[in-house]
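Novice: What follows is each chain in one-letter form.
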Amino acid sequence: MARTTTRNSSDEGEARIGSGARVHGRISGDGDLTVEGRVEGDIVLRGQLTVTDGGSVTAETVEAEEITVSGVLEGELRVQGPVRALAGSRVRGNVHGGNLALEEGAEFAGQVDFDFELPAELESAATGRPVSAQAAPGRR
Amino acid sequence: MASTIIGAGITIEGEITTDDEVVVQGTIRGKLTAKDAVTVESGAVVEADIVGGPLAVAGSVTGNIHSSDRVDLQPGARVVGNVKATRVTIADGAQFKGNVDMDV
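These protein sequences, in sequence, are chains A and B.
For what it's worth, my numbering labels the leading residue of the first sequence as 420, then goes sequentially.
For what it's worth, my numbering labels the leading residue of the second sequence as 181, then goes sequentially.
Heads up, some of the hints might be wrong.
Said to hold, decoys possible - Pair ranges (Cβ atoms, derived): (1) A:530 / B:281: 48 to 58 Å; (2) B:266 / A:459: 31 to 41 Å; (3) A:542 / B:211: 45 to 55 Å; (4) B:250 / A:513: 43 to 53 Å; (5) A:516 / B:282: 51 to 61 Å.
Stated by the list, open to error - If the Cβ cut is set under 10 Å, some of the chain B residues that face chain A in the computed set are: (6) 189; (7) 191; (8) 205; (9) 243; (10) 268.
For the record, the hints were derived by calculation from the structure and aren't laboratory data.
Keep in mind it's a predicted model, so treat the numbers as computed, not measured.
We put the beta carbon where it would ideally sit given N, CA and C, even for glycine.
When you get a sec, could you build the whole thing from the sequences and use the hints?
Specialist: Here's what the structure looks like:
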């Protein structure tokens, strides 16, 4: 089978869900993942997640170091690095940690919660919770 | 190309359905259905039933394998399960436990 040998299996953790593929379940592990097809299920990745144009991810939770979206992404996003929503993308969900870059032409619906320290007087306004509930603001 | 690659560090628990080719270097638990070729590379772990086109196995498969074409168990392969295909080869150095049904 020539197919076995023509692939370079050397680079650790390269993964791709092709455009004709559908995954129903949980994807986890180390390495980068590119989704060109459809994923219905959570993704927990130590690496970059890319959802290409035409690709879609529907999850409760998506964890990755970085996320770049040209397609559709739905779920709670937990990232260390940036979430990049490129033109034409549709992102629905809350973003925790990291940061978010929305390109013109991207659709986004959700709450954004970056990891940085707010002055105490702003804390209540940002979270909508009374200041008293923030009496001991822990480092997140 | 639109093929699907499950990289070495990646685990998928669930069902994978695809019209095109699949290369497995990582781990799959669940079910794998492909219309085209499936390659389970050395080091890959598949705990799933596999349905596909031409199937080449050099890694570990626990589950039943059903191919519309052929199944090749290559040296180093470790397969526990039944194999159903019109053509089957088992290389010297492949480990296999199960039934073979050559669809005659």
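Novice: Indicate, hint by hint, whether the structure satisfies it.
Specialist: Against the structure, the hints:
Between residue 530 (chain A) and residue 281 (chain B) the beta carbons are some 54 Å apart, a value that agrees with the proposed interval 48 to 58 Å. The hinted window of 31 to 41 Å between residue 266 (chain B) and residue 459 (chain A) holds, with their beta carbons roughly 33 Å apart. Against the hinted window of 45 to 55 Å, the Cβ-Cβ separation of residue 542 (chain A) and residue 211 (chain B) comes to about 48 Å, which satisfies the hint. For the hinted restraint 43 to 53 Å between residue 250 (chain B) and residue 513 (chain A), the CB-CB distance of approximately 48 Å keeps it satisfied.
Distance hint check: the CB atoms of residue 516 (chain A) and residue 282 (chain B) are about 54 Å apart, consistent with the given range 51 to 61 Å. The beta carbon of residue 189 (chain B) is positioned within 10 Å of a beta carbon in chain A (closest approach about 3 Å), and the interface hint is therefore held. Using the Cβ-Cβ criterion of 10 Å, the hint placing residue 191 (chain B) at the interface with chain A is satisfied: the shortest such distance is roughly 5 Å. Taking 10 Å as the C-beta contact cut-off toward chain A, the hint placing residue 205 (chain B) at the interface holds, the least distance being around 5 Å.
Using the Cβ-Cβ criterion of 10 Å, the hint placing residue 243 (chain B) at the interface with chain A is not satisfied: the shortest such distance is roughly 15 Å. Taking 10 Å as the C-beta contact cut-off toward chain A, the hint placing residue 268 (chain B) at the interface is violated, the least distance being around 13 Å.
Hint compliance for this structure: hints 9, 10 are not met, and every other hint is.
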